[in-house]
Amino acid sequence: MGRLHQLLRNFKEKKASYREYYSDEMPKIKRRNEELGAYLEIFEELVETQVTELESGKRAGRLAGLPLAIKDIISIQGQRLTAASKILENYRAPRSATVVERLDREGAVFVGRSNCDEFAMGSSNENSAYGPAKNPFDLSRSPGGSSGGSASAVAGELCVGALGTDTGGSIRLPAAFCGITGLKPTYGRVSRSGVIAFASSLDQVGPMADDALDCAEILQVISGADPRDSTAMKVPVEDFVKACEPSPLKDLKIGYSPDYLESESLPEAYKKELQEAKRSFEKLGAKFYPMTLEHLPYSIAAYYIIAPAEASSNLARYDGVRFGHRTKAFESLKEMIVQSRSEGFGDEVKRRIMIGSFALSSGYFDAYYSKAQFVRSLIQKEFLEAFKKVDLLFWPSSPRPPFPLGKEEKDPLSLYLADIFTIPVNLAGLPALSFPIGYDEDSLPIGAQLIGRAFAEAELLRSLAAYERERPFEKRPLACH
Amino acid sequence: MSLEEFSKSHEIVIGLEVHAQLTTDFKLMSPASNRFGKSPNSSVSSVCTGMPGALPVLNQKAIEMAVKTALALHCKIQSPNVFSRKHYFYPDLPKGYQISQYDLPYAKSGRVEFYLEGQKRSVGLQRIHMEEDAGKNLHFGDQGISLVDLNRSSVPLIEIVSEPELRSADEAGAYLRALRRVLRYLEVCDGNMEEGNFRCDANVSIRKQGETRLGTRVELKNINSFRNLERAIQNEALRQWDLLKQDKLVVQETRSWDANENLSRSMRSKEEAADYRYFPEPDLLPLSLSDDWIENRRKALPELPLDRMERFMKDFERSAYDAEVLTSSKQLADYFEEIALPLKDYSLASNFIQTTVLASLQDVEKGLEDFYPDAPALTELLQELKQGKLSLNMAKEVFEEMKTSRQPASKIISEKGLSQVNDDSILRSCVKTVIQNHPAQLEQFKAGKDKLFGFFMGQCQKELKGKGNPATLKALLEEELKQS
Chain X
1 MGRLHQLLRN
11 FKEKKASYRE
21 YYSDEMPKIK
31 RRNEELGAYL
41 EIFEELVETQ
51 VTELESGKRA
61 GRLAGLPLAI
71 KDIISIQGQR
81 LTAASKILEN
91 YRAPRSATVV
101 ERLDREGAVF
111 VGRSNCDEFA
121 MGSSNENSAY
131 GPAKNPFDLS
141 RSPGGSSGGS
151 ASAVAGELCV
161 GALGTDTGGS
171 IRLPAAFCGI
181 TGLKPTYGRV
191 SRSGVIAFAS
201 SLDQVGPMAD
211 DALDCAEILQ
221 VISGADPRDS
231 TAMKVPVEDF
241 VKACEPSPLK
251 DLKIGYSPDY
261 LESESLPEAY
271 KKELQEAKRS
281 FEKLGAKFYP
291 MTLEHLPYSI
301 AAYYIIAPAE
311 ASSNLARYDG
321 VRFGHRTKAF
331 ESLKEMIVQS
341 RSEGFGDEVK
351 RRIMIGSFAL
361 SSGYFDAYYS
371 KAQFVRSLIQ
381 KEFLEAFKKV
391 DLLFWPSSPR
401 PPFPLGKEEK
411 DPLSLYLADI
421 FTIPVNLAGL
431 PALSFPIGYD
441 EDSLPIGAQL
451 IGRAFAEAEL
461 LRSLAAYERE
471 RPFEKRPLAC
481 H
Chain B
1001 MSLEEFSKSH
1011 EIVIGLEVHA
1021 QLTTDFKLMS
1031 PASNRFGKSP
1041 NSSVSSVCTG
1051 MPGALPVLNQ
1061 KAIEMAVKTA
1071 LALHCKIQSP
1081 NVFSRKHYFY
1091 PDLPKGYQIS
1101 QYDLPYAKSG
1111 RVEFYLEGQK
1121 RSVGLQRIHM
1131 EEDAGKNLHF
1141 GDQGISLVDL
1151 NRSSVPLIEI
1161 VSEPELRSAD
1171 EAGAYLRALR
1181 RVLRYLEVCD
1191 GNMEEGNFRC
1201 DANVSIRKQG
1211 ETRLGTRVEL
1221 KNINSFRNLE
1231 RAIQNEALRQ
1241 WDLLKQDKLV
1251 VQETRSWDAN
1261 ENLSRSMRSK
1271 EEAADYRYFP
1281 EPDLLPLSLS
1291 DDWIENRRKA
1301 LPELPLDRME
1311 RFMKDFERSA
1321 YDAEVLTSSK
1331 QLADYFEEIA
1341 LPLKDYSLAS
1351 NFIQTTVLAS
1361 LQDVEKGLED
1371 FYPDAPALTE
1381 LLQELKQGKL
1391 SLNMAKEVFE
1401 EMKTSRQPAS
1411 KIISEKGLSQ
1421 VNDDSILRSC
1431 VKTVIQNHPA
1441 QLEQFKAGKD
1451 KLFGFFMGQC
1461 QKELKGKGNP
1471 ATLKALLEEE
1481 LKQS
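So the protein sequences, as listed, match chains X and B.
Numbered according to our numbering, the first sequence spans residues 1 to 481.
Numbered according to our numbering, the second sequence spans residues 1001 to 1484.
Note that these hints are calculated values from the structure, not bench results.
Mixed in with the good hints, there may be bad ones.
Just the calculated beta-carbon pair ranges, DEER-fashion [to be verified]:
(1) 413(X) to 1080(B): 44 to 50 Å
(2) 413(X) to 1226(B): 56 to 62 Å
(3) 1080(B) to 17(X): 54 to 60 Å
Result set (BS3-like, lysine-lysine): computed pairs, CA atoms no more than 25 Å apart in a straight line [unchecked claim]:
(4) 1396(B) to 1474(B)
(5) 1330(B) to 1403(B)
(6) 234(X) to 388(X)
(7) 1314(B) to 1432(B)
(8) 350(X) to 278(X)
(9) 334(X) to 1086(B)
(10) 1086(B) to 371(X)
(11) 28(X) to 278(X)
(12) 234(X) to 1061(B)
(13) 1449(B) to 1482(B)
(14) 1396(B) to 1386(B)
(15) 407(X) to 389(X)
(16) 1482(B) to 334(X)
(17) 350(X) to 328(X)
(18) 1221(B) to 334(X)
(19) 1086(B) to 350(X)
(20) 334(X) to 1270(B)
(21) 1076(B) to 1108(B)
(22) 1136(B) to 1038(B)
Idealized CB from N, CA, C, for every residue including glycine.
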């Protein structure tokens, strides 16, 4: 059982009062955060207030008392919201994101805002303007990105669950690197209102936690249409928690790409654990079908046009006029805007704004943006075809182990390639989860992905819950104290 | 250098781009109120101030108003239509982009119809699209500060783009008035140019008569009244003609009209034009409108001004000019109709309204809202006039009294003792007395000084305290003078 449900049970059985639990936990959380940098800020006052409300019964609900980490790109009313950028260093959110309101209504406790890559752009968390979060299994390594702080906080036990956002793998890659479970919902499943936009047609908020059931509990609360977000769709929200109850996987058809599972570039341990995981699904009754999606190799190219194009637009509002960083000395309006942005944004953000602005500029739009959208539609179609034959797809989450910190900053391309297994899913708008399947020879976690049809989160969670019973993931000792 | 001289060899080609603010309760993408005019930044939400994470959500009411307008202008509704982002940096544009429609606007190929000098004209529309308005920058030069007011940010706009089919400043003015009339009939826009809720940019080029290709166009901005539209177009045509006469090229550019100086100034050339980097707005889904929904909106359209004008021409036997004046606002047309029908004297109703009622209204649109005499009250007064119980001058006097006292005509007539003397015997005896009392003038009249007829009329009315029926009096006076 994941720590989220364990704690829910403890509170329910009154094994610990909320007050006692937080008195014990907060010092540990603060201590570990010194090592991990998982939180950019721990909300001590807010936690105190919320615990008092829990004690008085004013704060209640299905998540009552659960300590959660909120990626610092998701608004919590009155709290600082930086997107791990200097440009928003002193910005406070005027109102909560819809997802935060929903968690709040169910009694969750917001421990802190978790570290991430600046504006969620990155795979290693090293693009945070406030320094990277660290991998709890090896402090010299990255927890992955961009939701690295959320993954680090869950794995390092600085919370029992977290919210991340996933634009090209930003929930799934850190989940894989940190040995936890992360779910990127179908585009349109969860409201984006109050979530700082990176690439609006790809961004999606999702849960990160120990296992399927813990993710299901959070997903249950945050899902559903929202009058403040036209892209959050009016699709029925199934009982995700119930979906995690034991059920056979007989009749389940799973597609896999031999190219991916047996790729030469994959480390040996990865190939071995992927085969083991595959066998466990087979034992449960699932049937595997080899399946090659031939347009997938183009997805990184398409993604690195579409995402920066949208980012260049979404980040235009950070101009130093109404909020955020404004340069000290300027002679003209133009200089004020240019200087404020030059000082406020980090290198990766600037790089993507430039790529995106270029791709959208007149004379290049058709060659880049339109072509990328065309590729995207081909990929969507290819997934649709695949899901006529199978129910789920089984892929690796990452082609490589967690990056050593401080080594790869200078080569953005090699980092972009780390998202090869996650990006196609965002382009197609599909739901996917990354879950831990074992460790490599350095005792670093290895993750695998299950990808489902649009709005098939229940099916994903059901399959993963069955797998977990068949092949539980043993958590090895952490490197933090 | 005059326009007449110009017109002998050249013609002006004009296309207009009109921005009309829709009078919705709420903004286009934001839940903030669209009824402001209050203190700066008081009517805003996190959406129209562009706060991080805030998302646009379309206002259904604005879409309905926009579609109604497009249907009234005979457009084809495009479904799905798509919102795009138009990027540029400016402090009054909080998101750094404006949400507008670009390559897939909601309405295409309509027309605006109107009468110009008695002739019916039809001017094609390229498209109408929806977009959000920007805020306003306020500059305090003397203090060296600029402030931003975002009350106007995300106010719904429709941009109505004509084909370059207008050929004179007068025609452009008539087109714009006709367009405004449609918007006002539909109650979707206040149509006030001075207040900026109805704005017009003009694309102007010139060419030799008979030439089919278009000349290089210049876009004129900051035109804030009908008068300025006409002046700016004429000025621009002559400016371009002057350049051509000097063998210089007209440069494609945007110019700003300065109404005080009566000239335009270059704002930016084509090369300096911003690259707006349009792309489809990912925060809004393509807007699909069902055929049924559109048809229901079409069926619900009120009678439109041009239809009404033509009906007035036919049913009330009015000239194009009269009918246009009477249908210049929905309220006025209703007023006329409510009076003319029971009165059954269309000319009388039309003339009295045009000369007397309109002269006493400051603003035809707002003026009739709380106006007295209302239609039944004025009908009563005009009945008296029609039956000869009052002279026109008396009726005007009563009308003025009704306006201020808000009392019905009958009450004022009896209080003032106003009633016309129609009795032949009274009038004849008055005429006789006047002639007898002025023998010298009679002599002169007989000697050929016809002008004195007026003198006798005046003397008679003086005797009758102005109540003599003028027509009868005139006939009797002519008769008696002849016999004297």
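* Hint check against the structure, violated hint numbers in rising order -> Hint check: 1, 7, 8, 11, 15 and 16 fail, others pass.
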